[in-house]
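Peer 1: Starting from the known structure of chain A, arrange chains B and C with the ligands on it as the hints suggest.
Residue numbers (our numbering), protein chains in the order written: chain A, 1 to 282; chain B, 1001 to 1301; chain C, 2001 to 2354.
If you are wondering where the hints come from, they were derived from the structure by calculation, not from laboratory data. All values derive from a computational prediction rather than experimental measurement. Any given hint could be a false lead.
As the list claims (entries may be wrong) - Cβ pair distances, simulated, as ranges:
{"#": "1", "chain 1": "A", "residue 1": "Glu67", "chain 2": "B", "residue 2": "Leu1034", "range": "42 to 48 Å"}
{"#": "2", "chain 1": "B", "residue 1": "Trp1210", "chain 2": "A", "residue 2": "Asn243", "range": "53 to 59 Å"}
{"#": "3", "chain 1": "B", "residue 1": "Leu1034", "chain 2": "A", "residue 2": "Ala14", "range": "50 to 56 Å"}
Beta carbons are placed, not taken as given, at the ideal position from N, Cα and C, and that holds for glycine.
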Amino acid sequence: MAHRRKSIGIQRIAAYATIAAALVVTLFPVYWIAANSFKYDIDIFSIPPQWIPANPTSKHYHAAFVERPFLIYALNSLIIAVSTTLVSVVFGSLAGYALARFQYPGRWRYQISFWILSTRMMPPIVTIIPLYIAFNHLGMLNTKPAVIIAYTAFNLPFATWMMKSYFQDLPVELEEAAMVDGDTRWGAFLHVALPLARPGLAATAIFCLIISWNEFLLALILTLTERSQTLPIGIAGRVTQYNTYWGEISAAGFTACIPIMIFAFVVQKHLVRGISFGAVKG
Amino acid sequence: MTVSIGAKFGNSFERWFERHLRVLMLAPAMLVLLTLTIFPSIYMIVAAATRISPNPDLPWQFAGADNFLRLLTDEQFHVGLWNTLVFTVFAVGTEFLLGLGLALLLDRYIRRLNFLKTILMLPMMLPPVAVAITWKLIYEPQFGVLNEIMFRLGLPLQAWAGDVRLAMFSVIVADVWQWTPFMFLLMLAGLASLPDEPYEAAAIDGASAWRQFWDLTLPFLKPIIAIALLLRIMDTLRLFDLVFILTGGGPADRTKTLSLYIYQVAYRFADPSYAAAISLFVLFTTVAFSTWFIKRMRLAD
Amino acid sequence: MASVVFQDVVKMFGTFTAVSDLNLEVRDKEFLVLLGPSGCGKTTTMRMVAGLEEVTAGEIFIGSDRVNDVLPKYRDVAMVFQSYALYPHLSVADNIGYPLKIRKVPQDKQRQMVMEVARRVELDGLLDRLPKQLSGGQRQRVALARAIIRTPKVFLMDEPLSNLDAKLRVQMRAELKHLQHELQVTTIYVTHDQIEAMTLAHRVAVMNKGVIEQLGTPKEIYNDPRTLFVAGFIGSPPMNLIDGEVKDGVFTSLGGVRADGLGSANVASAVLGVRPEDIHVLPAGSETANIVAPIYSVELTGESTLVTLRAGAALLTVRADKNFVGDFDQMVEVGFAPGRVFLFDRQSQDRVDF
Ligand SMILES: Nc1ncnc2c1ncn2[C@@H]1O[C@H](COP(=O)(O)OP(=O)(O)O)[C@@H](O)[C@H]1O
Ligand SMILES: [Mg+2]
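If we strip away everything but chain A, and leave its shape as in the complex, we get (with noise of 0.2 Å):
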């Protein structure tokens, strides 16, 4: 008996000191790029790698934000964000409430769902093509309208879904019974469906902000200059064949995790919903 308790105890202890490792593996690299965008260049640089920085300065988000365009192009993703956000969730809305609480002809809602979740799983790539032939030809290259569009291509359907499945767990009887109270159903939704269904609105908006937030490929191809380039752009275009401005990057890319961080612990409650649904990556 005495020897099985030790068993466990010892159980214990490797499992604490896993998770322990596990969190030091995730932390670390997200330590690491924030030291690293507080340091001189000649810090950065050195051998062996300064672990806190000796000489912490802000240098380098100076030189990011004010010498260069990227408070410009962290303002290009915050407009593109939450304008594809905006979009997504209330056409998402609208139709994720259809789709959960109407009757159509035969297994139109099925397949009508299924047709809008296969939009989401189509890969970018794919789509990206047509997309830029299309925007060159209307003078819509290098835009941003152009990337809130094709960002709602993908953002859409996964509004919906997250959409649907909330309208789904709200009891139908209380939308009846404001009907039966004197609403119509357009105003039971209105007052009724969409008042309940707000946490998970929250996070379907917060989702969609992150994706757009962190999407690369898409605004890679349909922006050219600072004129629509979002911040993943901007970074990508200091790194280059020749040079890579590590402390620059280190500041903008610390900068552009810092939105996600917060969102993080908001929507950690509906991640599960989300990420089913496809809430993260393009």
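Peer 2: Quick look at chains B and C with the ligands alone, frame taken from chain A:
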């Protein structure tokens, strides 16, 4: 105390609106998605079946299956396909095993620690570009952290992402770092939904922990494992941003993925027809694979 | 206040017929109970009145208005849902006042009416709470208050008491009955609980498989069941139904049950129905015994003793005096009260009059 609602049965607009609500609410999303998917799909099929001249004034020429036949002999394409498959198998496989292992540990020893979970979740939510430059910094041959560790351990220093033998390995490690949390989270959700009774019954029957894992946990988790694998595989099959920044597909094309190759064909070689053909190939195999997988795993129900 | 009329109403879900050919008039100010087993189409019938479910065929009238194509909001009905359907994001006061808010009743009038109704259902003092901070009984009252705040033409109640515990259910039953009497609003009430139906209703419509089997006062339904289904469904414990054969007015079963005085009826596959309270234990050796059978079990309920006898393959329940004593397998002789036996045809399921 009777309170009336105005006009007896409402006006005709209201009736029309209510009756067509199911169409009206669906319409905006459907229109946007139809335009953004039908148009590109048609374009891709047309483009893949033609030879587009670099001179925009010249008409497109019908090329039949030429672009697709090129796939058979194009060695670069084969390299891209091979790299993508190798990456998918090793990255997803490792992420799955690590994610499942961690989930089993955490589920058993640390329950209700949302803060810890959120931290472990973080990598998959970070911008892939930021992840890529972080690992680029870690892999840096001269002043990178990894070589410092190798040095301390008395092991030979490596060029990592710049080394022909290690480049793919380096990309996989970075991907594993970012996406193990994905597997971990889904496995954790699956474990949390397991019923208690079968385990109590099995414990009474004298089943060892190992037996319980094989006979109860794995079968229960099977659907969520299948979904997690499917989502991850569909994602790794289109890997782009990580390699674009970390290695640019090099050295010696060792990390060139299909997505990267399509990008090069379309924009560097300015050959949208062939790019369309490869894209359709990718799309078709992805759809075929996921359909087969869904059927195989009986996920439809 | 209005009557509700169903004319040849049919409701299909795909190819499944949930309600078939329903003809029913609910009179003005009447308390009508739809009674039937789960899945028989009660809720569907009620939802068609509210406009939550479209009618596949036939017509529904509320008062003189044909309401088939009228939106729920214009039907002026109020509904109490089985789950209460309280708006979880609104306070009790806002829940009760919701119908007024939709109708744009002035704020102070709203508040006054909410207070009035809340007092009536004894909710004053809880008005600021959220539904999740209430007990089951209190939630039920909120749902009720929300329904009565605007004196609709028709009340619809879908098993409103089924989520309450037994004691509260009895209390709310009395309150409901009183409330309906006071408000004088036509009420359609759905339940699968026959005691609820018997105690509340002016008239009961017994439904089975989408069809109304019998419509009548609780007394009529109990004393004069027209079909085998109604006979078996009403009464607790239910009526004894014994399969057998009737020849020239004499019923015999394989289990040895015998009953005469059935006129001159002849039914090849007959069912004899007799309620437990209409069977009496006779002194041993009685000549009028309808059956002599061993005791299968004895249960004391308090005001009486339920004695189950085994008559061949069938079990027969007898409501005996509370002082009855008997042991397992002891032989007992029982007799049916004259004029209290019913005869049904197994084939058509209908009553056979004699
Ligand atoms: N929306 C629906 N779609 C398909 N079948 C339904 C639907 N609503 C009810 N039904 C079916 O119709 C029958 C009657 O249902 P209901 O009216 O709810 O019965 P109850 O008498 O228990 O209230 C049931 O068999 C039920 O399965
Ligand atoms: Mg029901």
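Peer 1: Next step is simple, just say for each hint if it's right about the structure.
Peer 2: Verification of the supplied hints:
no., hint, in the structure
1, Glu67/A / Leu1034/B: 42 to 48 Å, "45 Å, holds"
2, Trp1210/B / Asn243/A: 53 to 59 Å, "54 Å, holds"
3, Leu1034/B / Ala14/A: 50 to 56 Å, "55 Å, holds"
Of the numbered hints listed earlier, not one is contradicted by the structure.
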